[in-house]
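So the protein sequences, as listed, match chains A and B. Going left to right, the first sequence walks through residues 4 to 295 as the numbering used here numbers them. Going left to right, the second sequence walks through residues 14 to 286 as the numbering used here numbers them.
Hints were generated in silico from the structure; no laboratory data involved. Possibly wrong hints are sitting among the right ones.
Stated by the list, open to error - Rough simulated footprint, nothing fancy, chain A against chain B, three-plus residues with beta-carbon under 8 Å:
#1 165-173
#2 205-214
What the hints assert, rightly or not - Examples of chain A residues toward chain B, derived with CB under 8 Å:
#3 Ser14
#4 Ile34
#5 Thr110
#6 Tyr116
#7 Ile118
#8 Ala121
#9 Val122
#10 Tyr129
#11 Phe135
#12 Ile221
#13 Tyr254
#14 Met274
Fair warning: this is a prediction, and the values are worked out from it, not measured in the lab. Glycine included, every Cβ here is placed at the ideal spot set by N, Cα and C.
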Amino acid sequence: MKKVQFKSSYSQYLFLAPQLGILLIFLYWPIIQTFRDAFTMQDAFGFGTQFVWFDNFLFIFDDPAYWIAFKFTIIYSFVITLITASIGLLLAVQANNVMHGKSAYKTLLIWPYAIAPAVVGVMANYFFSERFGLLYHLFNNLWGFNWYESVFDSYIYLIIAGSWKQISANFIFFLAGLQAIQRSVIEASMIDCKNSVRRFWTITFPLLMPTTFFLIIINITYAFFDTFGIIDTTTIGAPSGETRTLVYKAYMDGFRGLDLGSAGAQSIMMMFIVLFITIFQFRYIEGRIHYN
Amino acid sequence: MTRLITSGFSHFILFIGILIMIVPVWMIFASSTHSGLTINTQGLQMFLGDSFYENYLRVLLYEGGFFKEITALKMFLNSFIMATGVAILSVITSLMAAYALVYYRTKYATLLFWIIFVTILVPLELRIFPTYSVMAELNLVNSYFGLIVPISASAIATLFFRQFYKTVPDELLESAKLDGANTWRFFVDFLVPLSKTMIVAMLIFMFVFGYNQYLWPLLVTSSEQYWTVVMGLKMMSGSIVHRFAFVMMSMVPPILIIIVLQKHFIKGVFQDK
Numbered sequence: 004m005k006k007v008q009f010k011s012s013y014s015q016y017l018f019l020a021p022q023l024g025i026l027l028i029f030l031y032w033p034i035i036q037t038f039r040d041a042f043t044m045q046d047a048f049g050f051g052t053q054f055v056w057f058d059n060f061l062f063i064f065d066d067p068a069y070w071i072a073f074k075f076t077i078i079y080s081f082v083i084t085l086i087t088a089s090i091g092l093l094l095a096v097q098a099n100n101v102m103h104g105k106s107a108y109k110t111l112l113i114w115p116y117a118i119a120p121a122v123v124g125v126m127a128n129y130f131f132s133e134r135f136g137l138l139y140h141l142f143n144n145l146w147g148f149n150w151y152e153s154v155f156d157s158y159i160y161l162i163i164a165g166s167w168k169q170i171s172a173n174f175i176f177f178l179a180g181l182q183a184i185q186r187s188v189i190e191a192s193m194i195d196c197k198n199s200v201r202r203f204w205t206i207t208f209p210l211l212m213p214t215t216f217f218l219i220i221i222n223i224t225y226a227f228f229d230t231f232g233i234i235d236t237t238t239i240g241a242p243s244g245e246t247r248t249l250v251y252k253a254y255m256d257g258f259r260g261l262d263l264g265s266a267g268a269q270s271i272m273m274m275f276i277v278l279f280i281t282i283f284q285f286r287y288i289e290g291r292i293h294y295n
Numbered sequence: 014m015t016r017l018i019t020s021g022f023s024h025f026i027l028f029i030g031i032l033i034m035i036v037p038v039w040m041i042f043a044s045s046t047h048s049g050l051t052i053n054t055q056g057l058q059m060f061l062g063d064s065f066y067e068n069y070l071r072v073l074l075y076e077g078g079f080f081k082e083i084t085a086l087k088m089f090l091n092s093f094i095m096a097t098g099v100a101i102l103s104v105i106t107s108l109m110a111a112y113a114l115v116y117y118r119t120k121y122a123t124l125l126f127w128i129i130f131v132t133i134l135v136p137l138e139l140r141i142f143p144t145y146s147v148m149a150e151l152n153l154v155n156s157y158f159g160l161i162v163p164i165s166a167s168a169i170a171t172l173f174f175r176q177f178y179k180t181v182p183d184e185l186l187e188s189a190k191l192d193g194a195n196t197w198r199f200f201v202d203f204l205v206p207l208s209k210t211m212i213v214a215m216l217i218f219m220f221v222f223g224y225n226q227y228l229w230p231l232l233v234t235s236s237e238q239y240w241t242v243v244m245g246l247k248m249m250s251g252s253i254v255h256r257f258a259f260v261m262m263s264m265v266p267p268i269l270i271i272i273v274l275q276k277h278f279i280k281g282v283f284q285d286k
């Protein structure tokens with residue numbers, strides 16, 4: 004913290020008031036209601052609510068559909084993280100390697116970051132449509148691809164759609180990470196180790212660890228939350244709910260099924276998962292401070 | 014010589030990466046300039062057709078939606094109002110909150126820090142129905158206010174501004190105090206001008222964030238008057254080429270902003286590196 008500061012006075016709260024006000028009304032108040040929803044149940048006609056302890060939670064744990072969504076969310080975030088981080092790193096290393104046109108490459112690879120997931124989904128739709136989808140027909144010729152029926156194929160569809168734009172964010176962060184490595188370190192390593200591939204894995208990559216960890220968190224968050232727009236414009240969960248993320252399922256149960264108790268309980272489960280990942284992240288940030 | 018070969022290899026890999034990014038978008042664009050008949054009989058197109066003006070003008074001015082109450086032009090206006098509102102509101106409130114957190118000495122510092130930053134853990138998707146009921150109770154459904162404010166309830170920019178303020182040398186405040194600046198003057202005359210790069214970066218970030226919202230506008234606007242571009246994608250009817258044209262136009266504003274302002278954006282986000 005700063006050594007020189009102002010003494011606390013009412014003016015401090017004037018500066019805090021706008022943000023705190025918005026957070027309290029539009030964030031804390033809804034979160035409290037989420038907890039209320041999760042521990043109550045509405046009767047069939049929606050006239051009254053009853054406190055039911057953990058019934059909503061037990062109900063979702065008993066529901067096979069919840070575990071299907073759980074499985075999909077884990078696989079989906081893992082594969083998206085792996086694919087986008089690898090391709091992003093590969094491109095960033097090449098862009099950092101070239102003498103000319105570095106900034107042109109940056110411009111040509113940064114823009115997909117700005118496209119909305121829902122827009123990406125609509126575009127993916129056209130490439131995977133049975134009628135004129137190029138990728139649909141390419142894969143169909145290769146192994147009889149049919150995402151309407153095959154769970155594996157619908158995974159492939161969503162993984163391609165979900166990874167495409169996220170490569171861009173990984174590229175930007177890895178490139179920034181590479182450029183932050185000091186010239187002297189690279190030059191010293193060039194004298195010690197002539198093999199550039201080995202030099203990358205033993206010197207450069209360990210120095211990129213903070214960026215890699217940061218991007219893993221970013222990619223997981225993306226796969227958890229931002230892919231809603233992609234799923235809602237592509238498979239809509241097909242075949243038979245196999246490609247719904249936890250967030251998508253909670254929304255559908257609350258919106259289509261009007262089951263706010265279940266949606267609330269699912270949201271709270273999700274908050275715990277995010278909390279778990281964040282504690283992990285904070286530990287890493289601590290580590291990073293020592294590192295530098 | 015080896016240098017040339019490895020450099021050539023790098024260019025090749027980058028070229029393939031760029032192709033993967035550009036080809037899909039190009040094909041949708043090329044296809045959007047053909048007639049519906051061409052697409053239906055021959056599929057997606059690689060080369061430009063001659064229906065560009067016809068398709069794009071029709072999409073911009075056609076009264077879409079179930080009740081035929083909104084044109085794409087109006088959706089763009091709504092998206093701009095929403096994205097600008099989110100950017101300005103969240104950046105101003107975050108700038109002020111971060112200032113209060115960094116530049117004041119108080120025993121509640123840790124508590125205030127956590128009250129603000131724990132909110133990053135709870136994205137709108139996790140509290141979407143209760144947020145909707147709050148909006149309904151406050152009578153804010155179908156309004157720009159309803160589109161903007163819940164999306165602005167975000168502490169991400171606050172986190173960035175806080176990190177930035179911490180790198181500002183203490184001497185700045187010392188000399189400002191010698192000049193007799195009070196808390197407000199120090200904030201407006203010293204800190205805000207100094208944070209310009211960061212402010213621009215956060216404005217871009219929050220604008221794109223606001224523009225790209227999908228689920229919240231879908232839920233909070235039952236009146237077509239308030240439809241935004243990104244949610245409109247799911248709602249638009251019409252022939253396939255018109256939908257292509259709509260998709261193309263929907264991605265232009267955020268891409269343009271990122272490309273034109275990328276230097277500021279990258280400089281701000283990676284300031285501490």
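Verification of the hints:
1. For the stretch 165-173 of chain B, the assignment as covered by chain A holds, since 4 residues bring a beta-carbon within under 8 Å of that chain's beta-carbons and 3 suffice.
2. For the stretch 205-214 of chain B, the stated coverage by chain A is not satisfied: 0 residues place a CB nearer than 8 Å to a CB of that chain, which falls below the threshold of 3.
3. For the restraint placing A:Ser14 at the interface with chain B, the shortest Cβ-Cβ distance is roughly 5 Å, inside the 8 Å limit, so the hint holds.
4. Given hint, A:Ile34 at the interface with chain B, holds; its Cβ is 5 Å from that chain's nearest Cβ, closer than 8 Å.
5. Among the interface hints, the one on A:Thr110 holds; its C-beta lies about 6 Å from the nearest C-beta in chain B, closer than the 8 Å criterion.
6. The interface hint given for A:Tyr116 holds, since its Cβ lies 6 Å from the closest Cβ of chain B, which is under the 8 Å cut-off.
7. Checking A:Ile118 against chain B: minimum C-beta separation of about 5 Å stays under 8 Å; hint holds.
8. About 4 Å separates the beta-carbon of A:Ala121 from the nearest beta-carbon of chain B, less than 8 Å, and the hint is met.
9. Taking 8 Å as the C-beta contact cut-off toward chain B, the hint placing A:Val122 at the interface holds, the least distance being around 5 Å.
10. Of the supplied interface hints, the one on A:Tyr129 holds, with its beta-carbon coming within about 6 Å of a beta-carbon of chain B, less than 8 Å.
11. The beta carbon of A:Phe135 is positioned within 8 Å of a beta carbon in chain B (closest approach about 4 Å), and the interface hint is therefore held.
12. Below 8 Å, beta-carbon pairs count as interface contacts, and A:Ile221 has none with chain B, the closest being about 12 Å; its hint is therefore violated.
13. Checking A:Tyr254 against chain B by beta carbon gives a least distance of about 7 Å; that is within 8 Å, so the hint holds.
14. At its closest, the beta carbon of A:Met274 sits 6 Å from a beta carbon of chain B; the interface hint therefore holds under the 8 Å criterion.
Comparing the model with each numbered hint stated earlier shows that hints 2, 12 do not hold.
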